[in-house]
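Trainee: Given the sequences, and given the hints that come with them, work out the whole structure.
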Amino acid sequence: MVIFHFMFDQMLLFCIPLLVVALAGLFSERSGVVNIALEGIMIFGAFIGILLMYFLQTYEILSGQALLLVCILAAAIAGGLFSLFHAVASVSFGADQTISGTALNLLAPAIGVFVAKLIFNGTDSISFKNEFIISRVPVLTDIPFIGELLFTNFYLTTFLGIFILIGTWFFFYKTKFGLRMRACGEFPQAADAAGINVGKMRYLGVIISGVLAGVGGIIYVIPVTTSFDSQVAGYGFLALAVLIFGNWKPWRIATASVFFAICKTISTTYVIVPVLLNSGISPTYYKLLPYVATLILLAFTSKNSAAPKACGEPYDKSKR
Amino acid sequence: MKNKNLIIALTSSLVAIVIGLIIGFIVVYLTDSSIAVDAYTVLLSGGFYKGIKSTGEVLFYAMPVMMTGLSVAFAFKCGVFNIGTPGQYILGAFTSIFVCTYCDFIPSSVLWLVALIAGGIAGAIWAIIPGILKAFRNVNVVISCIMMNYIGMLLVIKWVKQYIYNSTGATSLTVSSANAVPSFGLYDFFNRSNVNIGIFIAIGLCILAYFILNKTTFGFELKAVGYNSEASRYAGMDDKKCIIISMMIAGFFAGIGGALAYTAGTGKSISTSEVLAADGFTGISIALLGFNNPLGVICAALFISYIELGGYYMQAYNIPVEIIDVIVACIIYCSAFSFFIRKIIESFFEKIGKGGKE
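In order, the protein sequence lines correspond to chains A and B. Under my numbering, the first sequence has 171 at position 171, and the numbering climbs by one with no breaks. To convert a position in the second sequence, counted from 1, into my numbering, add 320.
The hints are simulated quantities; they were obtained by calculation from the structure and are not laboratory data. Since we're looking at a predicted model, the values are computed, not measured. Treat the hints with caution; some may be incorrect.
To be verified - Partial list, computed: chain A residues near chain B (C-beta under 8 Å): (1) Ala89; (2) Tyr270; (3) Val271; (4) Val292; (5) Leu298; (6) Ser302.
Glycine included, C-beta positions come from ideal geometry on N, C-alpha and C.
Mentor: Shown next as structure tokens:
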């Protein structure tokens, strides 16, 4: 049980940021803009959030969960603003979305390390105190099984992630606005003819995407380290894989991120599971598991991929 | 007409470069206004700062990224975004060191060539998997390439530890200078710089790729499939074959890039930390800067390594070397606007044209 509990916690730490960032990608791609910049936006959001956290902690202005929420908010705003670059290029100027995304992926870590080195005299990382884990809450922790699983040694961000998932689903499938945004990714000319402002919708899609990716960045960083060096270990790219694997649908994205997180958990925690440890299989193969499994599953599921049809194409009014 | 297009393309990338450099200068100025001009002079004189030796270093650093850039550009021409260069690159690097270490029955005068080709083949094998998955199972190439990157990185770390481990430095063994790519006098010519004839191989391969793409039926088919795979299939071209072969060739280039970087005899070794090869990602920037044209890639690779070196020297002024990435990112971002810049330049040309006639 202890092992299971530990693995479940680990799984959540991998799963929630992946889920949030993949959903971030969903907003952008559903509105018709390929967002390969997720990695960069994550880094930029996390960078601003963690930098703020460093100063607030050093001068002891805020602490605890309030500090966490403020820094998440800062990361969200930073991510949203950073993604504006992508929106301007790909919506207003009809630029190649892959190129602009690649530029942002390159820019974010460069800015992060550059600024960190200037502030901290040549050190490329920002350190902070992790004071956000909640060991237990009254009542909730006492619920049998679920209490121990979800409400013991947990981060608030887990519930933020679940909230974002439900919100995304509700937005895309239960609101008129969400339906319109999806239309812009499928057949923008028709959407335009129906009186929807395609440009505005795509701007919104990219900005929401940036906000969520920024949030995803900081909630990835906080549990795994206390010294942020402007890297998120390729999580933005993995989230892109989860998005495609999840076939651009919220609940399938959730399933895909849980699947990936389970593989990832096995690859990092096989040491504490006697069966896996004694099997004689090289640790490398456990580490390979999430990537190989994704490849194999994609090979079987990609035939009927449901990518938004107009995704990646600049909107051309004259094709109407 | 063709000339005019070329001029417009060159001008729009020059505009992007100038904007990038100006933004870089603003950043340096905001950092420390007193040394900004001096530091930026060093940056801009990059490849000549220490005379001909610096020029040699530029050529040396350009070598691997020229190949990864060519790899991305070549696949792009066939409509495939090969983001898998870090994996193909590191596989090529590993294979070349492996060959140099174990195949000592081959005379050392040709061993380097065998190692390079083996590295290229390893890269090709690595790239062919996403190609096959795309052609037959419709798997998104970006995703399969990313997965192949991580798989390649982890396997190479395992194999390095197993076969070519240098336990004192926790890295791979290095290639001895006897087995390295020869320099044929370049070493002395460039005042003891690391450059070797690999740079000619890299440039030669770029020219070869240009020739394949633009002067052969095969190249035409690849480009046609990249432009519109359905129309090409209708015209009787085998689009599946084209995707697989173009990925294979792209992987071959990236693998050679890795082999060139690690068989230079400079003591460079594969690290066992779990980080993807940066040269692979630089290749993407270079392909984009070079307009996915093999000849453009040559220029872009030389340019990038020129300012990288400048940025390295500029650290003496306490400006973090990451300034280069900021500048390059800004240049690439601006080049995303190339279509827009192009239109402005075209209308400018038209005005001049009209002015002349009147």
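Trainee: Any CB of chain B closer than 8 Å to the CB of A/Leu298?
Mentor: holds, 5 Å
Trainee: Answer holds if the nearest beta-carbon of chain B is closer than 8 Å to that of A/Val271; otherwise answer violated.
Mentor: Check failed: Cβ of A/Val271 comes no nearer than 17 Å to chain B, outside 8 Å.
Trainee: Can the hint on A/Tyr270 be confirmed by a CB-to-CB distance to chain B that is less than 8 Å?
Mentor: violated, 14 Å
Trainee: Let me know if the C-beta of A/Ala89 comes in closer than 8 Å to any C-beta of chain B, holds or violated.
Mentor: Check passed: Cβ of A/Ala89 comes within 5 Å of chain B, closer than 8 Å.
Trainee: Let's test the interface hint: is any C-beta of chain B closer than 8 Å to that of A/Ser302?
Mentor: Hint on A/Ser302: holds, closest Cβ of chain B at ~5 Å, below 8 Å.
Trainee: Given A/Val292 was flagged as interface, is its beta-carbon under 8 Å from a beta-carbon of chain B?
Mentor: At about 6 Å, which falls below the 8 Å cut-off, the nearest Cβ of chain B leaves the hint on A/Val292 intact, so it holds.
The structure fails hints 2 and 3 (numbered hints given earlier, in ascending order).
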